[in-house]
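Participant: Below are the chains, spelled out letter by letter.
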Amino acid sequence: MNNDLFVIDLSGCNNTGEIITSVSTAFEVPEAKERKIGLKLNDITLNQAQMLSIQSLIASYASELSYVETPNEATKNICENMGINAQLCEKPQLSTQTEIAFEIPKTFQGNGETENTGMQGNGIQDFAGNNTLEFQGNGENIGMGANGEMQSNGFEEFTPIEFNEDGKQIMETYKKAYDEDEEEKQTWEEVDYYAPPTDEPVVVDSKQTIYVNQTLRSGQVLEFDGNVVIIGDCHPGSEIKATGDITVWGVLGSIAHAGAKGNRDAKIRALKMNAVQLRIADCYSRRPDGTNIPYIIKSSVFTPEEARIVDDSIVLFKIN
Amino acid sequence: MTGSVIVITSGKGGVGKTTTSANIGTALAKDGNKVVLIDTDIGLRNLDLLLGLENRIVYTIVDVVEERCKLKQALVKDKKNPNLCLLAAAQTRDKSAVTAEQLKEICDTLKEDFDYILVDCPAGIEQGFQNAVAGANEAIVVTTPEMSAIRDADRIIGLLEAKEEVEKYRLLVNRVRPNLIKTNDMMSVEDVVEILSCDLIGVIPEDTGVITSTNKGEPIVNDENSLAGQAYMNVAKRIQGEEVPFLDIDQPRTFIEKVKKFFSKKVKA
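Taken in order, these protein sequences are the chains called A and B. Under our numbering, think of the first position of the first sequence as 432, with each following residue one higher. Under our numbering, think of the first position of the second sequence as 295, with each following residue one higher.
Certain hints may be false.
[As the list claims (entries may be wrong)] Simulated crosslink set (SDA-like; lysine to any residue; CA at most 20 Å straight-line):
| no. | chain 1 | residue 1 | chain 2 | residue 2 |
| --- | --- | --- | --- | --- |
| 1 | B | Lys398 | B | Ala417 |
| 2 | B | Lys457 | B | Gln396 |
| 3 | B | Lys457 | B | Ala394 |
| 4 | B | Lys328 | B | Ala394 |
| 5 | A | Lys522 | A | Val438 |
| 6 | A | Lys692 | A | Asp743 |
| 7 | A | Lys464 | B | Asn478 |
| 8 | A | Lys467 | A | Ser497 |
| 9 | B | Lys462 | A | Gln645 |
| 10 | A | Lys471 | A | Tyr492 |
| 11 | A | Lys749 | A | Val660 |
| 12 | B | Lys328 | B | Thr296 |
| 13 | B | Lys457 | A | Asn644 |
| 14 | A | Lys692 | A | Ile740 |
| 15 | B | Lys371 | B | Gly297 |
| 16 | B | Lys398 | B | Leu369 |
| 17 | A | Lys703 | B | Ser491 |
| 18 | B | Lys462 | A | Asn644 |
| 19 | B | Lys457 | A | Gln645 |
| 20 | A | Lys703 | B | Asp485 |
| 21 | A | Lys698 | A | Asp720 |
| 22 | A | Lys703 | A | Thr452 |
| 23 | B | Lys374 | B | Gln396 |
| 24 | A | Lys703 | B | Val487 |
| 25 | A | Lys703 | B | Glu488 |
| 26 | B | Lys306 | B | Glu420 |
[Said to hold, decoys possible] So, partial list: chain B residues that the calculated Cβ filter (under 10 Å) puts toward chain A:
| no. | residue |
| --- | --- |
| 27 | Met295 |
| 28 | Ile419 |
| 29 | Ile451 |
[To be verified] Simulated coverage check for chain A against chain B, where a stretch passes if three residues somewhere in it have a Cβ under 8 Å from a Cβ of chain B:
| no. | segment |
| --- | --- |
| 30 | 478-488 |
| 31 | 505-512 |
Derived by calculation from the structure, the hints in this document are not laboratory data. Don't be surprised by glycine CBs; every beta carbon is placed ideally from N, CA and C.
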């Protein structure tokens, strides 16, 4: 076991539930496992049972709770009774969001060289035209597997995705950057976890929504004029193109293009985000080059995230 | 009699489709079933070599389709097992010599006389694949624990899902090396199954005996001591609907390995 203390800042948590959630989240980082753990608590009173459950949660990750910092005297005493080093500290500044005292590595486990022919050609329009699952408007279920389900009350005709001149230009600059300089490739924005949701009013979207109740496998393309909800995983090699939002109830490991006709308010959500590329309207970003695991190992640990455009670049937000 | 038509496919080449076809076919025949193997890899035939039947082929599938012979005449009986037949592919033509409808018709005719019709599919997803899948009502997707093979298998499963005639498809993980899995240098079978979310029909360990048996023209299931042979026998049992536990492929070979294994944890795959 590593003897260095690994401190988890829980000063934003105001009840046991939040603490438990934050601690579980922190243990997504492999470095947190098999270590001594320190906790920084807010001014809340925890009884022995609650402390025990936090302790056993940490123990379940093969780590040991060895230090607690709290502004609350009662909590401190209980910790000391349990044999945990505890110290009193000042009340932390109240913050609405949980902050974790280290940077959570991005969920994306990139695969070394992700070369996408679509990107290197002339922008988005250059998709490989290998459409097994193409929904072309007239409500027919073309090439869907037996368990594909969809609402089929009259879609509008799906027209090829077109970009305005600006969009094309942006695509061109990205393309150039991609071709010319390896270092200057556009990658995910540094992930701004726990950023507060936007203050803009919720716009009720009147677009059609399609439900796809199956796993998208390599080579399958889902195109739809409207929102897409996929109950299942999207394996690498597949593509989703929608003019509205894309929501994946599973692992998103493929290319997803939301707001394909230029809707910059479109969002992409997934229970586990491992997309090769995310495209929203005329912006695109790709998975950072990292460990060479193109397929994320599916597990029961999910980290729901939402991608949306902030200042011309795609940013991922954790959904709490 | 209505036999079942099982296509053995993978997408990627070199993962062991033909070896699997030859071995499962032989194993099913050994269990007393009437089996016919169809090689649809026209122009690049290999299945006859694995069975050691290359010098007995007179008519091929193309001759049947072009009505130069009757279907029964083109079936080559195996040397050892009279229950096993081979319908060979032509070496001098290409995949366009046969259409999907013709192959479906051949499968439907053979169904009446045989319990199992195993179709050895060529690599790729073009005409050859479309032909091979046309008559099938079951599929075995062969893959190895490598990313490239898994991605291709994923593509193939997607194509099979879209075919209504294929009632079920199952995964066969080939060339598994338990010692590499233990050192985390190879994906485990569990990982492969999880990535592809597909039922497993068998796990075949890497075995040098497969190479020698291919060269000799005798399927490895005939070698009772071979681990790969036993694994193929188990796959054949599962095809027949029996429940067979997965083989412990991490079997020690030398005395020292046996002693080591006795003291260490079992790795099952």
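Participant: Does each hint hold? Answer for all of them.
Facilitator: Going down the list of hints, with the structure as the test:
A C-alpha spacing of about 19 Å is found between Lys398/B and Ala417/B, which places the hinted pair at or below 20 Å, so the restraint holds. Distance hint between Lys457/B and Gln396/B is fulfilled; the C-alpha atoms sit about 17 Å from each other, no more than 20 Å. This hinted pair checks out: Lys457/B and Ala394/B have alpha carbons roughly 13 Å apart, not beyond 20 Å. Of the pairs offered as hints, the one joining Lys328/B and Ala394/B is violated, with about 24 Å between alpha carbons and a cut-off of 20 Å exceeded.
A C-alpha spacing of about 17 Å is found between Lys522/A and Val438/A, which places the hinted pair at or below 20 Å, so the restraint holds. Proximity of Lys692/A to Asp743/A is assessed by CA-CA distance (about 16 Å); at most 20 Å being required, the pair is judged to hold. Distance hint between Lys464/A and Asn478/B is fulfilled; the C-alpha atoms sit about 19 Å from each other, no more than 20 Å. Our distance criterion of 20 Å between C-alpha atoms is met by Lys467/A and Ser497/A, whose separation comes to about 6 Å.
Using a Cα cut-off of 20 Å, the hinted pair Lys462/B and Gln645/A holds, with the two alpha carbons roughly 16 Å apart. A C-alpha spacing of about 18 Å is found between Lys471/A and Tyr492/A, which places the hinted pair at or below 20 Å, so the restraint holds. Distance restraint check for Lys749/A and Val660/A: the Cα-Cα separation of roughly 19 Å lies within the 20 Å cut-off, and the hinted pair is therefore satisfied. Proximity of Lys328/B to Thr296/B is assessed by CA-CA distance (about 11 Å); at most 20 Å being required, the pair is judged to hold.
Between Lys457/B and Asn644/A the alpha-carbon distance is near 17 Å, which keeps this suggested pair within the 20 Å criterion. Annotation: proposed proximity of Lys692/A to Ile740/A holds, straight-line Cα distance about 15 Å (limit 20 Å). Between Lys371/B and Gly297/B the CA atoms are separated by roughly 18 Å; this keeps the pair inside 20 Å, and the hint holds. With a C-alpha separation of about 17 Å, the suggested pairing of Lys398/B with Leu369/B holds against the 20 Å cut-off.
Under the criterion of a C-alpha separation no larger than 20 Å, the hint pairing Lys703/A with Ser491/B is consistent with the structure, at around 16 Å. Using a Cα cut-off of 20 Å, the hinted pair Lys462/B and Asn644/A holds, with the two alpha carbons roughly 18 Å apart. For the suggested pair Lys457/B and Gln645/A, the alpha carbons sit about 15 Å apart, so the restraint of at most 20 Å is met. This hinted pair checks out: Lys703/A and Asp485/B have alpha carbons roughly 17 Å apart, not beyond 20 Å.
Between Lys698/A and Asp720/A, the direct Cα distance comes to roughly 23 Å. Violation of the 20 Å bound is thereby established for this hinted pair. A distance of roughly 17 Å separates the Cα atoms of Lys703/A and Thr452/A; the hinted pair therefore holds under the 20 Å criterion. Restraint check: the Cα-Cα separation between Lys374/B and Gln396/B comes to about 30 Å, which exceeds 20 Å; the hinted pair is violated. Among the hinted pairs, Lys703/A with Val487/B is consistent with the structure: their alpha-carbon atoms are about 19 Å apart, no more than 20 Å.
With a CA separation close to 15 Å, the supplied pair Lys703/A and Glu488/B stays within the 20 Å bound. Simply put, Lys306/B and Glu420/B have alpha-carbon atoms about 12 Å apart, close enough for the 20 Å limit, and the pair holds. Taking 10 Å as the C-beta contact cut-off toward chain A, the hint placing Met295/B at the interface is violated, the least distance being around 28 Å. The beta carbon of Ile419/B comes within 8 Å of a beta carbon in chain A, closer than 10 Å, and the hint placing it at the interface holds.
The restraint placing Ile451/B at the interface with chain A holds, with a minimum CB-CB distance near 6 Å, inside the 10 Å limit. Here's how the segment 478-488 of chain A fares: 0 of its residues keep a CB closer than 8 Å to some CB of chain B, so the rule of at least three is not met and the hint is violated. Only when three residues or more bring their CB closer than 8 Å to a CB of chain B does the claim for the segment 505-512 of chain A stand; here the count is 0, and the claim is violated.
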